[in-house]
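Undergrad: Now for the letters of each chain:
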Amino acid sequence: MAEIEVMKNILGENDRVAAENQALFREKNVYVLNLMGSPGAGKTSLLERTMERLKGRTRMAVIEGDLFTSRDADRIERHGVPVIQINTAGGCHLDAPMVQKVAKKLDLGALDLLLVENVGNLVCPAEFAVGEDEKAVVLSITEGDDKPMKYPLIFKESAIALLNKADLLPYCDFDMAAARDDIQTLHPGMDIIELSCTQDMGLSAWCDWLLARIAAKEEA
Amino acid sequence: MCKECGCGETNGNTRLQFQVTGYTEASAKDAEKALLGLPGVLYVHIHAHDGETTVDYSPKKTKLMDILGVFQARGLEAAL
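Residue numbers (numbering that gives the first Met the number 0), protein chains in the order written: chain A, 0 to 219; chain B, 0 to 79.
Hints in this document: simulated from the structure, not taken from any laboratory.
Predicted model, so just to flag it, every value in this text is computed and none were measured.
Careful: at least some of the hints might be erroneous.
As the list claims (entries may be wrong) - Some chain B residues flagged as far from chain A (calculated, every beta-carbon gap over 10 Å):
| hint | residue |
| --- | --- |
| 1 | 20 |
| 2 | 23 |
| 3 | 24 |
| 4 | 25 |
| 5 | 45 |
| 6 | 47 |
| 7 | 49 |
| 8 | 50 |
| 9 | 71 |
| 10 | 73 |
| 11 | 74 |
Unchecked claim - Computed spacing ranges between beta-carbons, pair by pair:
| hint | chain 1 | residue 1 | chain 2 | residue 2 | range |
| --- | --- | --- | --- | --- | --- |
| 12 | B | 65 | A | 174 | 28 to 34 Å |
| 13 | A | 215 | B | 65 | 25 to 31 Å |
| 14 | B | 38 | A | 176 | 23 to 29 Å |
| 15 | B | 60 | A | 23 | 21 to 27 Å |
| 16 | A | 176 | B | 72 | 24 to 30 Å |
| 17 | A | 76 | B | 71 | 54 to 60 Å |
| 18 | B | 25 | A | 217 | 42 to 48 Å |
Glycine residues also receive a C-beta, built at the ideal position from the N, C-alpha and C atoms.
Could you put together the complete structure from these sequences and hints?
TA: Here's what the structure looks like:
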């Protein structure tokens, strides 16, 4: 019986820096979530709704990842939350050294929650740890129910799948039961929340999930 | 993989093709689901009628023995 092994660790240096980041975040007792998903899935909108709901309940900051522009950071800044924009200038994901560089500019000791919005992409961000406690994937209904099986790694790596734009279900050919079944097949027991950032659906469940994660880290 | 940055040049993944005997339509579906539930398994394609089974997985996250265990637990015989 022969097994072909392709074990070259091209991510080795990234993993080393990610471990450093994670140690720093642990020391400062900050829960870090790496938020991933396609362009247009609603990651930034979700962060905005999250900030509206959690303001005054937890101390948070945001790191925004985009190829170009500070448009997302500008949106976040309007909510009065500390935000740093990383422009990857063409790079398709955030990596640990990028996050390490900007994390120094944040007052981590004054934070409970650091939300890292990764570059819009269902593939590469899943392969690069940035030092997060957990990853989350946002999949919008308009993208189609076939995406979990087509892009399995991001669902395997994430602790929670956020099915956004659920208010559009009546207008889309999206089989929610099939999508849920595929996600559970790929990642048995994975948390799934259906939500809509525009219609205020599922956001309480999402914020409760986040607060529970922050509390669990504080207790650890 | 991404051409912009070259990330995941090899992706660290391995594709194995098994010849599996003993499939029924139901056991093939069950095996597919169980294989996909393993942490490193990203893709499974099974031809139940001739037993040809393709598995893409990351050896860093899932051992070959775990994959073989899925077949064995269902009374299936798998050969590479």
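Undergrad: State for each hint whether it applies.
TA: Outcome of the hint check:
no.: 1; hint: 20; verdict: holds (15 Å)
no.: 2; hint: 23; verdict: holds (19 Å)
no.: 3; hint: 24; verdict: holds (17 Å)
no.: 4; hint: 25; verdict: holds (16 Å)
no.: 5; hint: 45; verdict: holds (14 Å)
no.: 6; hint: 47; verdict: holds (17 Å)
no.: 7; hint: 49; verdict: holds (20 Å)
no.: 8; hint: 50; verdict: holds (16 Å)
no.: 9; hint: 71; verdict: holds (14 Å)
no.: 10; hint: 73; verdict: holds (16 Å)
no.: 11; hint: 74; verdict: holds (19 Å)
no.: 12; hint: B:65 with A:174: 28 to 34 Å; verdict: holds (30 Å)
no.: 13; hint: A:215 with B:65: 25 to 31 Å; verdict: holds (28 Å)
no.: 14; hint: B:38 with A:176: 23 to 29 Å; verdict: holds (24 Å)
no.: 15; hint: B:60 with A:23: 21 to 27 Å; verdict: holds (26 Å)
no.: 16; hint: A:176 with B:72: 24 to 30 Å; verdict: holds (27 Å)
no.: 17; hint: A:76 with B:71: 54 to 60 Å; verdict: holds (56 Å)
no.: 18; hint: B:25 with A:217: 42 to 48 Å; verdict: holds (47 Å)
Figure legend: structure checked against the earlier numbered hints; every hint is met.
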